[in-house]
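Given the sequences, and given the hints that come with them, work out the whole structure.
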Amino acid sequence: MSDILLDVRKLITAFDTDSGLLRAVDQVSFSVKKRQTVGIVGESGCGKSVTAMSIVRLLPQPSGKILEGEILFKGNDLTKVDSKDMRRIRGNEIGVIFQEPMTALNPSHRIGKQLSECFLLHKNMSKKEAWQASLEMLHLVRIPAPEIRMSDYPHQLSGGMRQRIVIAMALACRPDLIIADEPTTALDVTVQAQILDLIKHQQEELGMSMILITHDLGVIAETCDEVVVMYGGRIVERAPVKTIFENPRHAYTKGLLHSMPHLDTPRKSMLPVIPGMVASLNQFVHGCRFCQRMKREGSVLRERPLYKEISPNHWVEACPQCVEGI
Amino acid sequence: MRRRNLTTMQPLLSVNQLKIHFPVLGGVFKKRIGSVKAVDDVSFSIAPGETLGLVGESGCGKSTLGKAIVRLYEPNAGSIHFQGHDISHASQSSIRPLRRDMQMIFQDPSESLNARHSVRSILEEPFIIHGIGNKEERRIWVNQLLDRVGLPANSADKYSFEFSGGQRQRIGIARAIALKPKLIICDEPVSALDVSVQSQVLNLLLELQQEMGLSYLFIAHDLAVVKHISDRVAVMYLGKIVELADADAIYQKPRHAYTKALLSAIPEPKPSVKKTRILLEGDVPSPINPPAGSAFGHRINHPLYEQTIGQTFPLREIEPNHFVAADPCCLSTEDYAKVSQTV
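Chains as they are written, first to last, in the working numbering: chain A, 1 to 326; chain B, 1 to 343.
Honestly, the hints are just simulated from the structure, not real lab data.
In this text, a Cβ means the ideal position worked out from N, Cα and C, and glycines have one as well.
There's no promise every hint is true.
Below 30 Å or equal to it, Euclidean Cα-Cα: the simulated DSS-like pairs (lysine-lysine) are [unchecked claim]:
#, chain 1, residue 1, chain 2, residue 2
1, B, 180, A, 268
2, A, 268, B, 67
3, B, 274, A, 254
4, B, 274, A, 268
5, A, 34, B, 270
6, B, 135, B, 158
7, B, 260, A, 200
8, B, 260, A, 242
9, B, 275, A, 242
10, A, 33, B, 270
11, A, 242, B, 274
12, A, 33, B, 274
13, A, 268, B, 260
14, B, 275, A, 33
15, B, 180, A, 200
16, A, 34, B, 275
17, A, 308, B, 270
18, A, 200, B, 274
19, A, 254, B, 270
20, B, 274, A, 34
21, A, 242, B, 180
22, A, 268, B, 253
23, B, 275, A, 268
In silico negatives: residues of chain B with every beta carbon more than 10 Å from chain A [to be verified]:
#, residue
24, 24
25, 71
26, 77
27, 86
28, 92
29, 98
30, 138
31, 197
Have a look at the derived ranges for each label pair, beta carbon to beta carbon [stated by the list, open to error]:
#, chain 1, residue 1, chain 2, residue 2, range
32, B, 340, A, 155, 40 to 46 Å
33, A, 155, B, 89, 51 to 57 Å
34, A, 33, B, 74, 57 to 63 Å
Below is the structure:
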């Protein structure tokens, strides 16, 4: 039990909109062990980012709020922590890497100043010490000529370099958990490979856990220990990475895996597709949302399928239509 | 059988030693202080019914090349022949009739579709511009187009923002195929879409190609997608094509060091396979101030780089229909010896 760093239990996060309180995350439960990387996959609008932002309490305000559930981080329920303590935890104990580094960095401050801030705020360092520590961080994320880069502004750097700076900021206080929301989506494959390699390396070195949010199954396969597949704000399948790729049980997971062209798919052949698209938040049924997409009818749309463990560590949303032999 | 036809037929599009340079202005008087060689000495051709994939990192000039072909940019040197006509410096009015046969699909359909026009008026516009059909005929054609790209008939009276990303891309495709073109330049058409929607759109493009005998220039950075849809693939680095070959050949037996690095960087969705990855340092160098010698040799700090300064590396045929830049920094010793002999 003690090796569980983060335990999310029946989390419900909703947005207050004109059409009422809409649940973007609907009873999501998963856990992250120490030194483990958990990947969250799914299409846009399935609740991956909202789940992550609920953990660090960075939901869009005032509309987003956590309605129910617990987020136990080192045994401490983050949903009950006040915002001052949350600020201390964020950055210091949980680091966040956002998708678009340009929006995560302040364009009007030099890199050195932005990085030093983490140390000044969380580690009570003097300005000089913070500067030195920042320089070390830039070395760590393999930025060439870090002394010069310290006095650059974000716009003077390339996309890959900016993402390295954001990673440096997230790692600065040696957090226990890193949340990376699509950290490489905006980057080229070659730079993506560098960044993933860097994140993985640092994570192993510093002994951190990570939640990696992405829609790229290739990235998941290469970096994660466990995978959470989300659809319509719920977890439809959760298992160790090998199981997800070799023995997927839920129809949505299977569909995602098959619809992607691989390097060994016969060229110019028709790809298997998942018909239709994700319904919008206010149209979701209470029952199985993947059955809704597949235009199935009947009781599957009314009764919410159970989220259950079908073999050790392998959880599925057990809809009889979507999971064979349930 | 089909492959032979593709290479012996008269090409639909042929691009010869094309150069697109943009001026870099500087100083108080905004004088030209240099140029960005966005596309530098690029040659290739596309046969009827063929798909040529174009891959490379951002900033390598692949989108500029695509836009230059539909003449959104004026070439600085070289020529573009489309259906036998030299369009490299043709005026916009003389090019208009040819535009019917040459269309473009963009990455972000929400930006390329006018949000103030209904889908009907977006799809009717190509017919109106080219003076084809009367109102009634156009109405029928628009409905047929919607049906063809898999959108419900009532979409015609909606506006583009009422659709999801995948549906908007379908509208973009419907507009592109409206005039039954011969060539479509697809600039990252599926990069902004979700995995499951991406495969729907790729299937649609493949079906349309079969039905209408379309040729595609398919520009993308996702190598698995490019391989899936292309007959041949060209790899671009810093404004130049460094390797051009049949899609299977380029993925199974890449020759150029850059192609090898690109391929090794693709994350494979197979957790049990551990790949050996060629990790590249740094980013693509700036095209404003490119390295003086082998551009990729510079990036990987190749020991032979010094010797390549001032040289150019023309494409050589290393195997039938497999072309690679004759760059000593980027080829194996064997391969380099082979291509040096063919000079």
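Hints, verified against the model:
1. B/180 to A/268: This hinted pair holds, its Cα atoms lying about 21 Å apart.
2. A/268 to B/67: 25 Å, holds
3. B/274 to A/254: Given that 30 Å is the threshold and the Cα spacing comes to 22 Å, the pair holds.
4. B/274 to A/268: 27 Å, holds
5. A/34 to B/270: 24 Å, holds
6. B/135 to B/158: 19 Å, holds
7. B/260 to A/200: Status holds; Cα separation ~23 Å.
8. B/260 to A/242: 27 Å, holds
9. B/275 to A/242: Roughly 16 Å between the alpha carbons, so the hint for residue 275 of chain B and residue 242 of chain A holds.
10. A/33 to B/270: Given pair residue 33 of chain A, residue 270 of chain B holds - Cα atoms ~23 Å apart, limit 30 Å.
11. A/242 to B/274: 13 Å, holds
12. A/33 to B/274: Answer holds: residue 33 of chain A to residue 274 of chain B is near 23 Å, not above 30 Å.
13. A/268 to B/260: OK: residue 268 of chain A and residue 260 of chain B at ~23 Å, within 30 Å.
14. B/275 to A/33: 26 Å, holds
15. B/180 to A/200: 49 Å, violated
16. A/34 to B/275: 26 Å, holds
17. A/308 to B/270: 26 Å, holds
18. A/200 to B/274: 14 Å, holds
19. A/254 to B/270: 14 Å, holds
20. B/274 to A/34: Holds: residue 274 of chain B and residue 34 of chain A sit about 23 Å apart, inside 30 Å.
21. A/242 to B/180: Outside the cut-off at roughly 46 Å; violated.
22. A/268 to B/253: 19 Å, holds
23. B/275 to A/268: 26 Å, holds
24. 24: 17 Å, holds
25. 71: 28 Å, holds
26. 77: Holds, because the least Cβ-Cβ distance between residue 77 of chain B and chain A comes to about 28 Å, which exceeds 10 Å.
27. 86: 31 Å, holds
28. 92: 34 Å, holds
29. 98: 27 Å, holds
30. 138: 29 Å, holds
31. 197: Given a closest Cβ separation of 6 Å, the condition is violated.
32. B/340 to A/155: 40 to 46 Å: Holds, since residue 340 of chain B and residue 155 of chain A (Cβ atoms, about 44 Å apart) stay within the stated range.
33. A/155 to B/89: 51 to 57 Å: 36 Å, violated
34. A/33 to B/74: 57 to 63 Å: 59 Å, holds
Hint violations for this structure: numbers 15, 21, 31 and 33, all remaining hints satisfied.
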